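J.: Same order as they appear, the protein sequences are chains A and B.
Its first residue numbered 1, the first sequence is counted upward by one per residue in the numbering used here.
Its first residue numbered 390, the second sequence is counted upward by one per residue in the numbering used here.
Just so you know, the hints here were simulated from the structure itself, not pulled from any lab data.
Heads up, a few of these hints could be off.
[Claimed, not checked] If you only want the chain B side, here are some residues facing chain A, beta carbon under 8 Å, derived:
#, residue
1, Met390
2, Phe393
3, Phe395
4, Thr399
5, Lys400
6, Gly404
7, Thr513
8, Thr517
9, Asn595
10, Phe601
11, Asn623
12, Asp628
13, Glu650
Nothing here was measured: the structure is a model prediction, and the numbers come from that model.
Ideal Cβ placement from N, Cα and C applies to all residues, glycine included.
Number of protein chains: 2
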Amino acid sequence: MKNFTFSNPTKILFGTDAEKHAGDEVKIYASKVLLCYGSGSVVASGLLDRVRSSLREQGIESVELSGIQPNPRLSLVKQGIAVCREKGIDFILAVGGGSVIDTAKAIAVGVPYSGDVWDFYEYTATPTEALGVGVVLTIPAAGSESSNSTVISNMDLQLKRGLTTELVRPRFALMNPVLTFTLPPYQTACGAADIMAHIMERYFTNVRSVDFTDQLCEAGLRVIINNIPRVLANPEDYDARAEIMWTGAVAHNNLFDTGREGDWASHGIEHEISAIYDVAHGAGLAVVFPAWMRHVWRHDVARFAQFATRVWGVEMDYFNPERTALEGINRLEAFFQSIGLPVRLSQMNVPSDRIDEMASKATVKGGGAIGNFVKLDSDAIAAILNSAI
Amino acid sequence: MKNFTFSNPTKILFGTDAEKHAGDEVKIYASKVLLCYGSGSVVASGLLDRVRSSLREQGIESVELSGIQPNPRLSLVKQGIAVCREKGIDFILAVGGGSVIDTAKAIAVGVPYSGDVWDFYEYTATPTEALGVGVVLTIPAAGSESSNSTVISNMDLQLKRGLTTELVRPRFALMNPVLTFTLPPYQTACGAADIMAHIMERYFTNVRSVDFTDQLCEAGLRVIINNIPRVLANPEDYDARAEIMWTGAVAHNNLFDTGREGDWASHGIEHEISAIYDVAHGAGLAVVFPAWMRHVWRHDVARFAQFATRVWGVEMDYFNPERTALEGINRLEAFFQSIGLPVRLSQMNVPSDRIDEMASKATVKGGGAIGNFVKLDSDAIAAILNSAI
Chain A
1 MKNFTFSNPT
11 KILFGTDAEK
21 HAGDEVKIYA
31 SKVLLCYGSG
41 SVVASGLLDR
51 VRSSLREQGI
61 ESVELSGIQP
71 NPRLSLVKQG
81 IAVCREKGID
91 FILAVGGGSV
101 IDTAKAIAVG
111 VPYSGDVWDF
121 YEYTATPTEA
131 LGVGVVLTIP
141 AAGSESSNST
151 VISNMDLQLK
161 RGLTTELVRP
171 RFALMNPVLT
181 FTLPPYQTAC
191 GAADIMAHIM
201 ERYFTNVRSV
211 DFTDQLCEAG
221 LRVIINNIPR
231 VLANPEDYDA
241 RAEIMWTGAV
251 AHNNLFDTGR
261 EGDWASHGIE
271 HEISAIYDVA
281 HGAGLAVVFP
291 AWMRHVWRHD
301 VARFAQFATR
311 VWGVEMDYFN
321 PERTALEGIN
331 RLEAFFQSIG
341 LPVRLSQMNV
351 PSDRIDEMAS
361 KATVKGGGAI
371 GNFVKLDSDA
381 IAAILNSAI
Chain B
390 MKNFTFSNPT
400 KILFGTDAEK
410 HAGDEVKIYA
420 SKVLLCYGSG
430 SVVASGLLDR
440 VRSSLREQGI
450 ESVELSGIQP
460 NPRLSLVKQG
470 IAVCREKGID
480 FILAVGGGSV
490 IDTAKAIAVG
500 VPYSGDVWDF
510 YEYTATPTEA
520 LGVGVVLTIP
530 AAGSESSNST
540 VISNMDLQLK
550 RGLTTELVRP
560 RFALMNPVLT
570 FTLPPYQTAC
580 GAADIMAHIM
590 ERYFTNVRSV
600 DFTDQLCEAG
610 LRVIINNIPR
620 VLANPEDYDA
630 RAEIMWTGAV
640 AHNNLFDTGR
650 EGDWASHGIE
660 HEISAIYDVA
670 HGAGLAVVFP
680 AWMRHVWRHD
690 VARFAQFATR
700 VWGVEMDYFN
710 PERTALEGIN
720 RLEAFFQSIG
730 LPVRLSQMNV
740 PSDRIDEMAS
750 KATVKGGGAI
760 GNFVKLDSDA
770 IAAILNSAI
């Protein structure tokens, strides 16, 4: 086990009507707030009105920033920064999923910074202060509600980049599983792939003797696998929605990688796909992850066999652990297909003609290679993408 | 799943040399500290000197309170409160295990309170403020290093009582598994029983649809079961010591009971034994838990069967789940015995003549009954204790 530092101070309020605490919780930090959201469902469902009421009841003034899209855009981040500066706002409330939260986080580090906020995502500058962020979560997927990271897309450069800093960890997250009843099946499935990917990025490590976190990761994966079919069959299954929502947060709050070193190559590769083709992040991960696994599994057959047996219930073939290892990957791919996700680039209408470009862009920040479990250069990434056409 | 609030802000620094950060971490909060410890090993091992050096290097003045015993005493708490007031101290650093930490926490709530600190443990008053507490952990057992609770013994009244409040959650915990290499086998085993008891108190719940936390609990139990024999065979097995130490903290930081309602009757019963006979808490739990289980298992055979199969690897007998359920309890008891713990009161030299008195005292605070999984009145508690003579 590696040495580590861990802290997860985000206050979680979980359960029915959690969003009604928006006003109380914001009030601890500010009397004026930037209220960020996307469009459509948060408005139509009445959620936004309930949040507005809760803020009003506590005498909190709010300025709104709407229209945040999946693969959230740098342009809107800059707009939010300008609004906060102009209005003297020092707290941001995100109402939505990962894209809204990540936008809020980007605004939070951008407001007190005199340079271009994109510097932080290019790692040419490091944030030293940030506004506070709070969350009303509507989509279990990104885990951004209690994580220390944010991912933003720069459409001009066709780049999607992440920033990790404790400064952006939300002060609170209000998590009401009822709000996820109306998520369409495809979005529910994409969220599942994202949650599973967050766990698998951490699971596939070269650090030995990580028994506790291995078992926590396996528990999280099994819970998603068990509960996603339930909510696809019955979208209003509160308990199954709750299991998914809570697992999604814990999957990405860093508990599961205490003492380990995660891989993160699959996320890096997927970001290049999203940056150009604007596909759903979870769908992209469903395509990339099995392809990545088939490229790297020989590196640690024992770990892949453990994944197969403990997560997927594959019977261990003690005389042929390779077969067990491969069967785990097959099960993962079959699961993604069974819940309606693509497992090939073509199923997302992503053509093969820019694979080399994506492979090359993916390695820029890593100095020519990405991933920790297995280092991947651009040739390896291209091979993985080509295997997933 | 029940609604819940969860937050675990304690900053964990885990790994080799973690204790060297004592000075840096205390400095964030204070320039003068009460340094609390027991006796013997922390002095002999040189740990205390390393902590003193670390504090000195940061220019932190320290006043020491030593001699804290297992089943920590109210009398020493009062002494610590007086010292803090006299010296104007507003931060407490605990170097030790649960007894030292719980003493530090009791002092922390006692200093700003004008009444008798025991009021908080009798629930006749509620603390509203507290000094900050930091921890250098030497014994994985109580989980007090990142928990919101403290348990103190009032020897005059022969009472051992707990207090739960967010005010006492430590600001930081420095956790170096190397410090646990010198723990004697019996103390290692007692710690294991305490950690397992913390998980099992949470596991046995009447709340339905708690899949994620069930699986987290089961993971934690398996890790202790797998790793304790390793450290008993080789006390300097760093990785196994690390697994136990980290599991012990997570077991009691409240993640494992998010969305559930724990039982806690076994802890209540054990506290009555310790209060009179001053036995090791973990040993008392090893006696009480299997006896409690044999009293209550019929209340939820499915849960006990799940415990048996998932935690102990018992083959499920689908046609006789009762047999599976009972076999899980047998395995728990056999495990405790295998690691050198008592499973009978007589093995701890606890006579049977005051069982009715203990049973009666245990129910005072609960208004005549304790436990949530199954409500136990004093007759039921006496029956459990009589079954464990």
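J.: Lys400 (chain B) was flagged as interface toward chain A. Is the shortest Cβ-Cβ separation under 8 Å?
T.: holds, 4 Å
J.: Does the nearest C-beta of chain A fall within a distance shorter than 8 Å of the C-beta of Asn595 (chain B)?
T.: For Asn595 (chain B), the interface hint is violated, since the closest Cβ of chain A sits about 14 Å away, which is over 8 Å.
J.: Tell me if the interface restraint on Phe601 (chain B) is satisfied: Cβ within less than 8 Å of some Cβ in chain A.
T.: Holds. Min distance 5 Å.
J.: A closest beta-carbon separation below 8 Å is what the hint needs, so does Thr513 (chain B) meet it against chain A?
T.: violated, 29 Å
J.: Just to be careful: measuring from the Cβ of Glu650 (chain B) to every Cβ in chain A, is the smallest value less than 8 Å?
T.: Result: violated, 13 Å to nearest chain A Cβ.
J.: Given Asp628 (chain B) was flagged as interface, is its beta-carbon under 8 Å from a beta-carbon of chain A?
T.: holds, 3 Å
J.: Hint Thr399 (chain B) vs chain A: min CB-CB distance below 8 Å?
T.: Interface hint status for Thr399 (chain B): holds (7 Å vs cutoff 8 Å).
J.: The hint names Phe393 (chain B) as touching chain A; please verify it with the least Cβ-Cβ distance against 8 Å.
T.: holds, 5 Å
J.: Have a go at the Phe395 (chain B) hint: is there a Cβ in chain A nearer than 8 Å to its own Cβ?
T.: This hint holds: Phe395 (chain B) lies near chain A, its Cβ roughly 4 Å from the closest one there, short of 8 Å.
J.: Does Met390 (chain B) pass the interface hint, meaning its C-beta sits closer than 8 Å to a C-beta of chain A?
T.: This interface hint holds because 4 Å falls under the 8 Å limit.
J.: Would the stated hint for Asn623 (chain B) survive a check requiring a Cβ distance to chain A of less than 8 Å?
T.: violated, 13 Å
J.: Let me know if the C-beta of Gly404 (chain B) comes in closer than 8 Å to any C-beta of chain A, holds or violated.
T.: holds, 3 Å
Consistency with the previously given hints fails for numbers 7, 8, 9, 11 and 13, ordered from lowest to highest.
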